[in-house]
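Mind docking chain B on chain A? Use the hints.
Given next are the chains, with one letter for each unit.
Number of protein chains: 2
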Amino acid sequence: MQAVLFDVFGTVVDWRTGVAAAVRRFAGEHGLELDAGAFADAWRSRYVPAMRRVSTGERPFAPLDVLHRENLDGVLADLGLGPGDFGPAALDDLNRAWHFLPPWPDSAAGITALKRNYIVGPLSNGNTSLLLDMAKAGGLPWDVILGSDVSMAYKPAMEAYLRPAAMLGLEPGEIMLAAAHEADLAAAREAGLAAAFISRPLERGPGIPGAGVATGSWDLSVSSITELADLM
Amino acid sequence: MQAVLFDVFGTVVDWRTGVAAAVRRFAGEHGLELDAGAFADAWRSRYVPAMRRVSTGERPFAPLDVLHRENLDGVLADLGLGPGDFGPAALDDLNRAWHFLPPWPDSAAGITALKRNYIVGPLSNGNTSLLLDMAKAGGLPWDVILGSDVSMAYKPAMEAYLRPAAMLGLEPGEIMLAAAHEADLAAAREAGLAAAFISRPLERGPGIPGAGVATGSWDLSVSSITELADLM
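The listed protein sequences derive, respectively, from chains A and B.
According to the UniProt record's numbering, numbering within the first sequence proceeds without interruption in unit steps and concludes at 232.
According to the UniProt record's numbering, numbering within the second sequence proceeds without interruption in unit steps and concludes at 232.
The set of hints was computed from the structure by calculation and includes no laboratory data.
These numbers come from a predicted model, not from an experiment.
There could be a bad hint or two in this list.
Unchecked claim - The calculated lysine-lysine pairs, modelled on BS3-like cross-linking and capped at a C-alpha distance of 30 Å, are:
#1 A:136 with B:136
#2 B:115 with A:136
#3 B:115 with A:115
#4 B:136 with A:115
#5 A:136 with A:115
#6 B:115 with B:136
Here chain A stands alone, though its shape is the one from the complex (with noise of 0.2 Å):
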C-alpha cells in the first residue's frame, strides 16, 4: 500500500454539526425560525441526486460548489423562501459552510500519524478549493489534494477513483480507500482499491440507531482514523 485516501463529509469532518451551525448563524442575521439540524439534513439530501446528474451526462460537469448553491436554492424554497429574501452574497457565504466542516477529534492526528509511512490525501466529491480551505481551516495535513474537478468525475464513478490513481503514479492497488460509505467502499473495491471502514455512529446526528455499523466485509474495520493508522 502506498496511499491512503479519505472520502471526507462524514468520514474526516462532521458535516451536519458544521452545516447547523452555519444555518444557525444565517437564521439569527436573518431573523428566520427553523431547524438548523433538519435544514442541514434537508440540503444533504440533495447531495446525491444533484451529482447524479452528471454522472448519467444529464448535464456537463460542475464543481460541488455550484450544486450545493442549486441545492440550498431548493432547500430555500421549500421553505417558501427566495434568494431575493437575502442577497445573492448572503447565500453564497452560508455555502461556504461546506468549505469550513469541523474535522472529527481523531481525523487530524490520524492523518498525521498515516503521513509517515504512506501518502495521504481526500478523494471526496468536493471541489479542489474546498478541500483547500477545509485542510487550512481544520489543520488536515493531506499531502495532496486532487478534488472532484480534477477528475472530472463524481463518485461513485470508476473514472473518480482512477484519475487520481493515475495522476499519483499509482496502480489501483496501492491504494486504500477509508470511508464510512459502504457504497463508496464497494464501488472502490470494483475499481481495484482496497477498502477501510471507518465507524461514524454521529454522522447523521446523535439518535439514529445502526448507522456506522458495517454490512460488508472490509479489508479493514475500524472506529477511528487513529485505529487505521495503528492497524497499518
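Coordinates of chain B only, in the frame set by chain A:
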C-alpha cells in the same frame, strides 16, 4: 494576496546537484566514465525545447516524466550510448532523480513560515506525482499540489498560470509567483499574478558569474524563501 506559488526546479530545489548525484551513482553502477555535472546540464538543456513542442501544438500534452525520459535517451545517444546498454528499468530509475531533488537550505523553513498566512504550493512544469515525491522526501509542506498534468499546460503558456488560479478559487491578482527565472515571472505578470524574484546564484553550478541577479523590476526581490516570508 491569498497564495504564494513557487517555480520549483532551481527556485525551491537544486536540480543540478540532485541530478548530478544520481548520474554519478548510475555511472558507477554501469562502469561509465562521464562528467556528471555536464550530463545534468545536457539533460536540462533539452527541457525547454521539449515543452515547447507541446506548447506549439506540435505534439499533444505529455507529462514531464515522459519528456524527461525521452530527453535522457537523447543525452545518452549524444554519448554514443543506447537504451539497450542498460535495460529500461535502470533508465526509468535514473529518470526518477527529478522526483527527489534536494531543497535549497531555506526552502522548507520559508514555505513553513509562509504557510501560516498564505496558501502555498508549487506552480511547476513538474507532474503531480513528481512534485508529491519531492515534497515528501524533502519535507516541503505544500498545502496543495496541482502539477502541470492538472492544467495540461507548460509555463510560460498563460493557461499554466490561469488554470491553477481557477482551481484554487482565486483571482490571478490574489496569487504571487516566486521564481528564480525572470521569463517565468514575466509570463506570470502577464497573466495577472504578482511576481517575486528569488536569487539562486548556484542554480547552474558554482563559478558561473552573473546568475542570480535580477534585471527586471519585480514586486519583491529576495535571496531566499525565508527572506520572502519575512517581507510578506
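(Q) Does residue 115 of chain A sit within 30 Å of residue 136 of chain B, going by the straight-line distance between their CA atoms? (A) Given that 30 Å is the threshold and the Cα spacing comes to 9 Å, the pair holds.
(Q) Would the hint linking residue 115 of chain B and residue 136 of chain A be met if the CA-CA limit is 30 Å? (A) 9 Å, holds
(Q) Check the hint pairing residue 115 of chain B with residue 115 of chain A against an upper bound of 30 Å on the C-alpha distance. (A) 18 Å, holds
Q.
Would the hint linking residue 136 of chain A and residue 136 of chain B be met if the CA-CA limit is 30 Å?
A. 18 Å, holds
Q.
residue 115 of chain B and residue 136 of chain B were given as a pair; does the straight-line alpha-carbon distance stay at or below 30 Å?
A. 16 Å, holds
Q.
For a C-alpha distance cap of 30 Å, please report whether residue 136 of chain A and residue 115 of chain A respect it.
A. Given pair residue 136 of chain A, residue 115 of chain A holds - Cα atoms ~16 Å apart, limit 30 Å.
Against the hints set out earlier in the document, no violation occurs for any number.
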